[in-house]
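In order, the protein sequence lines correspond to chains A and B.
Residue numbering for the first sequence follows the working numbering, beginning at 1 and increasing consecutively.
Residue numbering for the second sequence follows the working numbering, beginning at 1 and increasing consecutively.
None of these hints come from the bench; they were simulated from the model.
There may be inaccurate statements among the hints.
[Claimed, not checked] Which chain A residues face chain B? A few, computed with CB under 7 Å, are given here: (1) Phe-22; (2) Leu-26; (3) Ala-42; (4) Phe-105; (5) Leu-113; (6) Asn-118.
For glycine and all other residues, C-beta sits at the position ideal for the given N, C-alpha and C.
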Amino acid sequence: MNEITGMSQPTPSILVIEDDEFMASLLQFVLERQQLQVLRVADGRAAMALIDAGHRCDAVLLDWMLPQISGLEVLTRMQQHPDWASRPVLVLSALDDGAEIARAFQAGASDYLTKPFNPEELSARLLRCLTTSGGNARAARA
Amino acid sequence: MHVPHAPEFSLSVVLWLAWTTLALVLMTVLGLLLLRWWRWRSEPQKAAFRQRWSEVLMRCALGEDLKGQLPHLKSKERWAFMKLWLHCQLSLKGPGRDRLAALARLMECQSMAMRKLGSRHAAERLMAILALGFLKDEQAVPALLEQLHQGEKQAAVHAARALLEIDASAHVDQVVQRLLTLTDLDFSLVSVLLKPFRGVLARTMMEGMPPSAPLQACAPGAAAAALQWLRLARALSLQVPGERLGAFLANSDDIDLLIATTRLMQGEQGTQALIAHAQHQDWRVRAQVAQALGRIGRLDDAELLARLTTDAQWWVRYRATQALLSIPGLSVQKVQTRIECTGDRYAINMLHSVISEREAFA
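Chain B on its own, in the form it takes in the complex:
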């Protein structure tokens, strides 16, 4: 029986693999070099474009007459212009933004923004949504409403901003309704994008504040709806009256709801409602109460906070110590005296840690 010469066969396979690997490495290196070269070549052009159009946009925003002075915009530069224009819109407020919108309409940016709504790239879609809002394009409202109701979460928040830009009073109800039903919402994005419309959103939100009756007596899903409302209210920095929030605290035993309510607490009525929950059986609520007292508490609350520094849970001790050091009119020495009076060595250790932490960050 004939047996193939195995070592020769293996050697040729190894050689083939080595050459292929070398060729792939060389191709990758060449590709990287080409990309760098392309970037090196295009960078000055991009910088010149930014320089030229930034000045145009700034002059436009400040109300200078640009008739007959607009540089030629190539079709391949339109998207770059739109990005720069959006940056300018997001940096300014006042009448300058209306002038910028008029300029973009003059340069027929609506049609491009509408086209980009269907882009495969999420970033382009989001920018197009915002652009349509800043352009105050009424004709884009149906497309923006579709993004609000059927788009993904980020698109919905961007569409909310765009719709409010076009006509805040006409669209605020739909926007609030949609935001209250979107689960896993990015609240930091909501906070950043919808901040300029906080006033109009606050009015609608307060009108639709969930009932603070005992949630067990309400419809199924009432707790989840109330939680979403509270989180959205916090993202929008709403000033909710303390007595209404106090009713939430009194009538609920849902931990997430209690924590969300505690974070919104303001003023003296808020402090009273918080104090009632300082001994809550769940340590997360106690920690939130301590943190909230650090924000809104006064000298009278120092004794309660000193007690919380001896809590069995590390986080409660930490938050209570931080809160004590934040109470107006209470010096570090006074806090030290109070905590030493407790005779709890964990509380004393925590105080030293928090003071060191504050010094490190100062």
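The shape of chain A in the complex, shown without the other chains:
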């Protein structure tokens, strides 16, 4: 399912790329509780289309193990895109081995969080990503 919710500024918007519908709605719920707007896509292909179409988001929450096109490929494409390269990307993955985490950081991830996740920790890390990337000050206060 590809679901797109509103993206009006100045509320910071987060692109959530997650194939598990329940997990995606859980993430959306947690982020919306932090006054963040959520744009949701269910696979790497839809994310690539969004990147190429020139959509803008303030940060990305990326599932690492996506069907068809992996999280690594999506992240690599983002880093090559002038509009997306500076966006903070928080990788969310069930994999917790050091090599995989290192690969994500080498590819340009700003942070890495393992599943299952703690909602408070996710919010804190994402808001820190937003503030350190010069994101909206309102997000930092939220």
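With chain A fixed as given, assemble chain B onto it according to the hints.
Just chain B now, with coordinates in the frame of chain A:
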């Protein structure tokens, strides 16, 4: 003598068979249409149920006060609620899970989970086992211990998780003991389900690490027990000290044991122990050594790996080439130069194949 009119008899049999077949086909089609219709009718209800209760569960997990706001849960919806609740439990960590457990206790899910332990369907039994664990229901411990010790393998692993959820320190010894005796264990399931308790399991596992004395001198079955321990350690991603694993490598000639030990190797001491087995007579051990060096090896190991690329066995050449390309600080050009120096055309061909493979996956 009277002979029955054979063609007429055959025709009636054929006609009867044709009608029966037609009737069966029609009944099947009708059945399929009914199932689709039933699914079409029930899908919106299921979606509405998921929507309604997902929100309740998420609000509960985030600590919102739900007093007096809980929707009515019909008795036929209880199992669907339990599935959704389990999904939520498995997706989250932190205090949210305790709040979810309190909510499920409030909705009296324990009794249903206990009933489902006796279900004919394995999936329901496994879910019930997990649910009892997440509910932190002390009264369910005897039933869960029974599943751990007498249930089938999958049930035992699920019961292990449930018992650790209820009280990890109280049940960890029994869990480890049972997992070490279960043959043909699904180690990927162990890895997924028991990952959150890796720390507590690691302590108990290390205390019970099998002796690394020459296995021939140990009790019968020592090699099998050691192999199970090593495989379980790998499933739980245990960091076993290199010197202890090195002793296993030095004292054993069991191929499965050597391979399992090689897969666990870490750090510089591990590298030294591996190098000693790079010329092992069994090619499976040599291939594992090459693969492990790709994981933990350094620049100093490049020469040994380059030698392994000329091995007589295809798999050893393949793993050694992959390993060379994974060594930090060694560029593709440098690997190419090293392999070309060997003058072995099979090694050079293998390098081209592995580079193409990497480019295809990149």
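Hints versus structure:
1. A distance limit of 7 Å between C-beta atoms decides the matter here; for A/Phe-22 the minimum to chain B is near 5 Å, and the interface restraint holds.
2. Below 7 Å, beta-carbon pairs count as interface contacts, and A/Leu-26 has one with chain B at about 6 Å; its hint therefore holds.
3. A distance limit of 7 Å between C-beta atoms decides the matter here; for A/Ala-42 the minimum to chain B is near 16 Å, and the interface restraint is violated.
4. A hinted interface residue such as A/Phe-105 counts as satisfied when its beta carbon comes closer than 7 Å to some beta carbon of chain B; here the least separation is about 15 Å, so the hint is violated.
5. With its C-beta approaching chain B no nearer than about 11 Å, A/Leu-113 sits outside the 7 Å limit, and its interface hint is violated.
6. Evaluation of the A/Asn-118 hint against chain B yields a held restraint, the C-beta minimum of about 4 Å falling below 7 Å.
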